[in-house]
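Input sequences plus hints: build the corresponding full structure.
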Amino acid sequence: MSEFTYLYRGGRDTPQSPEQRQKQLQKWAAWFKELGANGHLKELGHPLETAGMVVKGNQKIVTDGPYAEAKDLVGGFSLIEASDLAHAVEISKGCPILEVGGSVEVRPVMQINM
Amino acid sequence: MDAGDHLFRRESGRLVGALTRIFGVHNLALAEDVVQDAFCRALEVWRIRGVPENPSAWLMATAKNSALDVLRRERTARSFAPELGRFLQSEWTLAPVVEELFAADAIKDDLLCMMFSCCQPRLSEQAQVALILHILCGFSVDEIASAFVSSRAATEKRLTRAKKVLAGSKRLFDITAPADFSARLPAVHRALYLLFNEGYHGASAETAVRAELCREAMRLNALLLKHPLGRTPMTYALAALMWLDAARLPARVDASGNLISLLDQDRSQWDQELIVEGLKFLELSAAGADLTQFHLEAAIASIHACARRTEDTDWKTIVSLYDALMTIRPSPIIALNRAIAVAQNEGPERGLEEIRSITNRDRLAVYPFYSAALAELELRSGRHETAREHFRAALALSRNPMERRFLDRRLGACERDGTPPIYYDQV
Chain A
3 MSEFTYLYRG
13 GRDTPQSPEQ
23 RQKQLQKWAA
33 WFKELGANGH
43 LKELGHPLET
53 AGMVVKGNQK
63 IVTDGPYAEA
73 KDLVGGFSLI
83 EASDLAHAVE
93 ISKGCPILEV
103 GGSVEVRPVM
113 QINM
Chain B
6 MDAGDHLFRR
16 ESGRLVGALT
26 RIFGVHNLAL
36 AEDVVQDAFC
46 RALEVWRIRG
56 VPENPSAWLM
66 ATAKNSALDV
76 LRRERTARSF
86 APELGRFLQS
96 EWTLAPVVEE
106 LFAADAIKDD
116 LLCMMFSCCQ
126 PRLSEQAQVA
136 LILHILCGFS
146 VDEIASAFVS
156 SRAATEKRLT
166 RAKKVLAGSK
176 RLFDITAPAD
186 FSARLPAVHR
196 ALYLLFNEGY
206 HGASAETAVR
216 AELCREAMRL
226 NALLLKHPLG
236 RTPMTYALAA
246 LMWLDAARLP
256 ARVDASGNLI
266 SLLDQDRSQW
276 DQELIVEGLK
286 FLELSAAGAD
296 LTQFHLEAAI
306 ASIHACARRT
316 EDTDWKTIVS
326 LYDALMTIRP
336 SPIIALNRAI
346 AVAQNEGPER
356 GLEEIRSITN
366 RDRLAVYPFY
376 SAALAELELR
386 SGRHETAREH
396 FRAALALSRN
406 PMERRFLDRR
416 LGACERDGTP
426 PIYYDQV
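Chains as they are written, first to last, in our numbering: chain A, 3 to 116; chain B, 6 to 432.
You may find that some hints are simply not true.
Heads up, simulated SDA-like pairs for lysine to any residue below, C-alpha to C-alpha not over 25 Å straight-line [said to hold, decoys possible]:
| no. | chain 1 | residue 1 | chain 2 | residue 2 |
| --- | --- | --- | --- | --- |
| 1 | B | Lys168 | B | His31 |
| 2 | A | Lys29 | A | Lys95 |
| 3 | A | Lys35 | B | Lys169 |
| 4 | A | Lys35 | B | Leu199 |
| 5 | A | Lys25 | B | Ala108 |
FYI, nobody ran anything at the bench for these hints, they're computed from the structure.
In structure tokens form, the structure reads like this:
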């Protein structure tokens, strides 16, 4: 088993009613429960707010927001266990973010050997 | 405020149940605190803004939000329900999971689940009933003490101990496992039966408190009937017994608070709706091979319920039902009630004979209605002096002013001739 990070991007540009938002959240919960039940969930991670600050460079310049286009904005992350990248990709296809125009970026966790 | 006591009582059980499911049974005290806080907040807000249109939804939302606060604040310091574990740790799932556990269906199950959890075999039946009253019915320590005629300190101690045992169990009772459900069900029946009887025959002088105990037992039993695994012939029999007995409650005490014996009750005051429902339950209880104590007691109650006038009572059948009851669950009290029915059917001398042959008769000595029954039968046999002695003995044992007044009046009746006979309510 190897570890992967799912970076959830976008999926926020379609306006949603509170009811739809709640349904969407329930779908996420159901999806995570299924991942957990199948032993693929290392850590749930968290959703992230859109607004924030970016600290950059030697001068440690602080600016507002990550400036990305809404569709590129990372909206959250989780840690997944899967046998290989193909498997991790396969599992990610159940993610509810795909239903609302978002994407899942699947990235293997790098093992640093010294 | 008209939303008053009952609202909080009803909601208390539901909310503590839901929160305990989320926090884990080891955090029972935390769940109770959160519910108390929600009630305090409600009183503060409602005092100013008035009671909202749907107060229970308001309370639920408040408790839910407090639960989320607690879970966020303490998720590193405390462990919560193990089966929810990490879903409470992440913001991805925290709110939806809590939302789901507060949904209507889940809450209904929480009450059942808590009821089964309270009927832990490690707790005495008395402690189980006290826990049910406290957690599910929202009775305060004082109210429970008054219902059981025990001191506040003793009740508090019993509750604290019981809660510690409950909180020490690994998790709440799992009502989704059919085998476990069926195994625990008789204990739950027993506790509800005790709860009802405490209301119906108990020692508390507060008729209002006692009627409420009956109502709570009925409410919880109705909950059992809604669950596919709880809907057994025995649950139906227990329901029949409760409904048919409860139908007589309005006629048991007159306007000035005097106890009225079954024979003298104004039967037009019996609650016909409860009788009809009770008879329906009795019919439904007839499935399956088991004939339980509840079946027989319900059948006896049904015979009383169906007799328009006291004279129409089918005492012969009642005696045979008591005979059957004695083979299933022999006890001096049942034997006493049987003897009284025999007296109705075959005369006071036969009744006295039956009473004299009760095994373990000495265990009845502390029970006021044993002496009173002897007194009635002696009185009907014309032995006034002996009757007086027994009434005096009964008076000395009476447990509250209502019983005292009742026995006083009967003692007075010994002075007159041709006094009407009295049949004591079955115990």
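Structure-based check of each hint:
no.: 1; hint: B:Lys168 - B:His31; result: 10 Å, holds
no.: 2; hint: A:Lys29 - A:Lys95; result: 14 Å, holds
no.: 3; hint: A:Lys35 - B:Lys169; result: 32 Å, violated
no.: 4; hint: A:Lys35 - B:Leu199; result: 42 Å, violated
no.: 5; hint: A:Lys25 - B:Ala108; result: 14 Å, holds
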